[in-house]
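Enquirer: Take these sequences, add in the hints, and give me the full structure.
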Amino acid sequence: MGEPLGVAVLGAGHMGADHIRRLDRVVSGARVAAVADPDAERAAAAVAGLAGVTVHTDPEAALDAPGVDAVLIASPGPAHETALLVAFARNLPVLCEKPMVPDSAGALRVVEAEARLGRRLAQIGFMRRYDAEYRRLKALLDGGTLGRPLMLHCVHRNVSSPPGFTSAQLINSSVSHEIDAARWLLGEELTAVTVRRPVSSAGAPAGLVDPQFVLFETERGALVDVEVFVNCGFGYQVRCEAVCEAGSARIGEDHSMLVTTAASARREVARDYLVRFADAYDREVQDWVDATRAGRVTGPGAWDGYAASVVAEAGVRALEGGDRVAVELAPRPDLYAEVSR
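Quick note, in UniProt numbering, the sequence shown goes up one by one and the last residue is 341.
Just so you know, the hints here were simulated from the structure itself, not pulled from any lab data. Ideal Cβ placement from N, Cα and C applies to all residues, glycine included. Take the hints with a grain of salt, since some may be wrong.
Claimed, not checked - Beta-carbon label-pair distances, calculated as ranges:
#  : residue 1 : residue 2 : range
1  : G13       : G221      : 39 to 45 Å
2  : D18       : A61       : 18 to 24 Å
3  : G2        : D39       : 46 to 52 Å
4  : R250      : D24       : 50 to 56 Å
5  : G2        : E328      : 41 to 47 Å
6  : R135      : A44       : 34 to 40 Å
7  : G164      : A291      : 33 to 39 Å
8  : A206      : A40       : 34 to 40 Å
9  : R116      : R197      : 39 to 45 Å
10 : D272      : R42       : 17 to 23 Å
11 : L50       : R324      : 49 to 55 Å
12 : D24       : D323      : 23 to 29 Å
13 : T82       : D18       : 19 to 25 Å
Expert: Here it is in structure tokens:
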């Protein structure tokens, strides 16, 4: 089997610490070789008890640490562009959490830098592509038995939003998952977006437009609607229904345990994404490790990260202006021949 893949993890916060745990305890064929975080104490705490891990406050120092073969970026989005370009310069394969880069201009610079290399190095962390229910829906749609997809109806609810969460982040952070899932499920680009504002929930922080109703159009005429509600108060829910010419299919309804007792029944609801998509994260990282050790890059790539950023920016403009906004993508480099499937 050879030596395990030495991974430098950039970011030791909520997501980064979970990936460190995953690489150490769940994934086979990999080990944490280095970790970097501006908070040295947090970085050290995230790798406490792990042997042979160097701790850094400078991401570049972590990438240059002994035994580093690949990089997992779990730092805040604004730091991703620099980290990706530094990894490219060192010819290191990367798994980068979404958003790849929050702004489309920076995301395009990453696409162009990778295209100049002539080969893919980056996989972007759109983990829903690795969820068992989403994969079954994708296979069903690709199989054609339901006919041509006409609509996707999506729901994305969180218990509460973190401090400082903005109205724009409902789209460029939360709905970015639906943006990628829609492109992947339908195998086509999104071409326009409209955002409508129902009355904000009393549970939303002052000034936050929550919930929102987001409508996407696709290049072959399908429609995708997303109800995003990040302060619903009761649980984390993600659902998707595909309505096609010859039938429909819905996922996300039963991803929980049904408990029946004392003449009553209750269904458990996940509290956050790390619970609901735990298996998807495990499968995503394992697939990345396996592909990297084999010298391959699979899964969603830099173009997918760029497209998501462009669509999200159009969505924010639609939210702020109230109009339908067209999505304008740059020409696709040959390296990214089609929407990643």
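Enquirer: Evaluate each hint against the coordinates.
Expert: For each hint, the structure was consulted:
no., hint, verdict
1, G13 <-> G221: 39 to 45 Å, "41 Å, holds"
2, D18 <-> A61: 18 to 24 Å, "23 Å, holds"
3, G2 <-> D39: 46 to 52 Å, "34 Å, violated"
4, R250 <-> D24: 50 to 56 Å, "36 Å, violated"
5, G2 <-> E328: 41 to 47 Å, "45 Å, holds"
6, R135 <-> A44: 34 to 40 Å, "37 Å, holds"
7, G164 <-> A291: 33 to 39 Å, "36 Å, holds"
8, A206 <-> A40: 34 to 40 Å, "35 Å, holds"
9, R116 <-> R197: 39 to 45 Å, "42 Å, holds"
10, D272 <-> R42: 17 to 23 Å, "19 Å, holds"
11, L50 <-> R324: 49 to 55 Å, "50 Å, holds"
12, D24 <-> D323: 23 to 29 Å, "49 Å, violated"
13, T82 <-> D18: 19 to 25 Å, "23 Å, holds"
Hint compliance for this structure: hints 3, 4 and 12 are broken, all remaining hints hold.
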